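S.K.: These are the residues of each chain, in order.
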Amino acid sequence: MTLLDERLRTLQHTAREWAEQLRPLALALEEDPDRVRDHLDLPLFSYLSRTPVPRAYQPDPITVDGQAYYGTGGLERVVFCEEIAAVDAGMLLAAPGPSLSGVLVSLLGDEEQQSWFYGRLMERTSWTFLALTEPERGSDAASLTTSLTSREKDGPLLLNGAKRFIGNAARSDVGVVFARTRPGPLGVVAALVETGGPGFEAVPFETVGLRGNQICEVRLTDVEVPAERVLGRHLSPTRRGLMGAVQGFNRLRPGVAALALGIARGAYEYVVAHRRTLRADEAAGLERMALRIEGVRRLVYRAGAAVDRDDPGLGALASAAKARAAQLAEEVTLEALEYFGPGARLEHPLLDKFARDARGVEFMEGTRNIQRLNVFQGLSQGKIDRG
Amino acid sequence: MTTTHDGVRRTARDAGLVAALSALQAEQASGALPLGPAGHALLPESVAAAAHGVRRGARTAPRERTAETTLRTVRLYGDTLVALRHPLPPGPEDPDDPWALGLARLRLGLSEALLDSCLEHLSARTFGGSPLLVRQLVQDSLAEALTDHLELGELLGPGAGLTGGELIALHRAVTRTDRVLLRLLGGHGFRTDGPGQSAHVSELLADAYAAAPAAPEGAP
Ligand SMILES: Cc1cc2nc3c(=O)[nH]c(=O)nc-3n(C[C@H](O)[C@H](O)[C@H](O)COP(=O)(O)OP(=O)(O)OC[C@H]3O[C@@H](n4cnc5c(N)ncnc54)[C@H](O)[C@@H]3O)c2cc1C
Chain A
2 MTLLDERLRT LQHTAREWAE QLRPLALALE EDPDRVRDHL DLPLFSYLSR
52 TPVPRAYQPD PITVDGQAYY GTGGLERVVF CEEIAAVDAG MLLAAPGPSL
102 SGVLVSLLGD EEQQSWFYGR LMERTSWTFL ALTEPERGSD AASLTTSLTS
152 REKDGPLLLN GAKRFIGNAA RSDVGVVFAR TRPGPLGVVA ALVETGGPGF
202 EAVPFETVGL RGNQICEVRL TDVEVPAERV LGRHLSPTRR GLMGAVQGFN
252 RLRPGVAALA LGIARGAYEY VVAHRRTLRA DEAAGLERMA LRIEGVRRLV
302 YRAGAAVDRD DPGLGALASA AKARAAQLAE EVTLEALEYF GPGARLEHPL
352 LDKFARDARG VEFMEGTRNI QRLNVFQGLS QGKIDRG
Chain B
25 MTTTHDGVRR TARDAGLVAA LSALQAEQAS GALPLGPAGH ALLPESVAAA
75 AHGVRRGART APRERTAETT LRTVRLYGDT LVALRHPLPP GPEDPDDPWA
125 LGLARLRLGL SEALLDSCLE HLSARTFGGS PLLVRQLVQD SLAEALTDHL
175 ELGELLGPGA GLTGGELIAL HRAVTRTDRV LLRLLGGHGF RTDGPGQSAH
225 VSELLADAYA AAPAAPEGAP
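Heads up: the sequence lines are chains A and B, in that order. Quick note on numbering: the first sequence equals residues 2 to 388 in our numbering. Quick note on numbering: the second sequence equals residues 25 to 244 in our numbering.
Simulated from the structure, these hints should not be mistaken for laboratory data. Note that this is a predicted model, so its numbers are computed, not measured. Heads up, the beta-carbon is just placed ideally off N, CA and C, and yes, glycines get one too.
Stretch by stretch, here's where chain A covers chain B in the computed footprint (C-beta under 8 Å, at least three residues):
| no. | segment |
| --- | --- |
| 1 | 58–65 |
| 2 | 95–109 |
| 3 | 140–152 |
| 4 | 199–210 |
| 5 | 215–228 |
| 6 | 232–239 |
Distance ranges between label pairs, derived from CB positions:
| no. | chain 1 | residue 1 | chain 2 | residue 2 | range |
| --- | --- | --- | --- | --- | --- |
| 7 | A | R152 | B | S154 | 29 to 39 Å |
| 8 | B | T94 | A | E21 | 28 to 38 Å |
| 9 | A | A291 | B | T93 | 30 to 40 Å |
| 10 | B | Y101 | A | P350 | 21 to 31 Å |
| 11 | A | R234 | B | L174 | 55 to 65 Å |
| 12 | B | T97 | A | D386 | 50 to 60 Å |
| 13 | B | A239 | A | P62 | 43 to 53 Å |
| 14 | B | R200 | A | D282 | 12 to 22 Å |
| 15 | A | E229 | B | T93 | 57 to 67 Å |
| 16 | A | A285 | B | T94 | 29 to 39 Å |
Let the hints inform the model, and build the full structure from the sequences given.
M.R.: Below, the structure is given as structure tokens:
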């Protein structure tokens, strides 16, 4: 069983306080995701805009009770994400900072790339994005067709193609884009891409939930990418291509699981806070809900700890946690509404928001089916320590 | 008649939520706002605007615009729906309210349309070169949804005599099936300009009209 040490409990406690400041802002942010700009001085956003950044590139880490936090730990990430999502997952996804790209840059970037990327983000607060999904394929990321090629020998690399469902792309200065330099599994690379130049177009579209994330369509037309911005130049083609992406996503997935867990917990806590007298069947239902939440929390912690240990079972553990957490989020948010009778979704907009947000976490970092296939792989390859 | 047992389900499947809801209102609550058990209504904006009375089962009353609260507007394929709360007309609760039955048939029709959307979407999308429809996990979910539809279709067919509690259970089942189908649509079903928004509004209809009462809040 994974338990939290003193340092992580401090972070948990602090994150809970920071999250509380968001509660009154959640619905307004939903209405207009750009409102996040009005709140960037909140401590939550200072933290998120400066994490995850590896120690070597972070001269001025966030410090709480004398302890420094870099946001790079797996368990650290899940503990933090759960606390914020228990209040508003949209706000977490609306935040500027290295976010998803940060995890990939720390994994695949060489020293110069890391220094460029993190240095830039430390200099001024800005958003980042991570673009893998394409209009024609999501789960089948390995078949992506966005191309990164040069038209003539020694000419600049040009990025061409389209991406879809890319969170924060329209307000980012820089992000990581997956593209193909040639056919085949070894032809996939991730590159750091600046959004300010010609040919980069990102247009937000509306979603049923998680609107803070401002999800976009991205069109890439001859976007110039300097050769030194292709991540993993110092790695072998196997390690920098799809394999690198898989490793990166394995490390990100526990965080998404924690997001889903937080949504479920938020809905549960909403019921506890707003329903004082319960029928016996309602009390029993809440007790079951609490137990399921705790069970999933253990799975999520285990996946987070697997990141920190470089556990060979990480991929499968992260998938198990993510699939279960997304299911929990959907089920608990629907059940929670039933505690408020007819018109609950209209009279309790925050609870309605939890239920809509829950639908979205199903797709982030891979759907339930894809996770289940990963879990089976972990089982068949004996990668999961089954005690 | 558009809303015989099959009519409203068919209209929902073929013409969508707004057309079916307008037809159901015209047939069962013409000129009135149909209210849910706690006084909620969710209707296309123009239909709501024209209503001069309110109705809950067999109870009716004139509409009092000053006593009602607009709670939300929702957009769906270019239409706007409005959600509001109005005081209930006086009188005892009607045990078999045809509105809730019609609404269950309507939502079943929408769920069937969602299955149609899935088939279309998944046959055009591929993984490793073959359509997603050939994946067994996908087939499993589709088969599950179809079986749910068949079962619900039997229960909601001609002559259905269902209690309020039973209807609530059937509405819950439609929502569950919709969620299975929404997962199959992937991110596409999370956009507000597509079938996922219709499923959301369908859930809102169940919430306004067919949710079980919570225990009354006593003193702490
Ligand atoms: C809120 C949100 C934020 C997102 N943020 C980002 C982002 O920042 N960057 C980014 O790149 N992407 C992002 N995405 C996209 C996300 O990664 C994709 O939605 C996800 O990978 C699923 O792809 P898809 O939507 O194309 O579904 P599809 O791949 O079309 O899947 C459709 C259905 O088929 C099933 N399926 C697919 N393949 C198989 C298979 N082999 N076996 C069995 N079943 C299968 C799926 O489980 C699903 O039910 C985001 C999505 C959402 C909703």
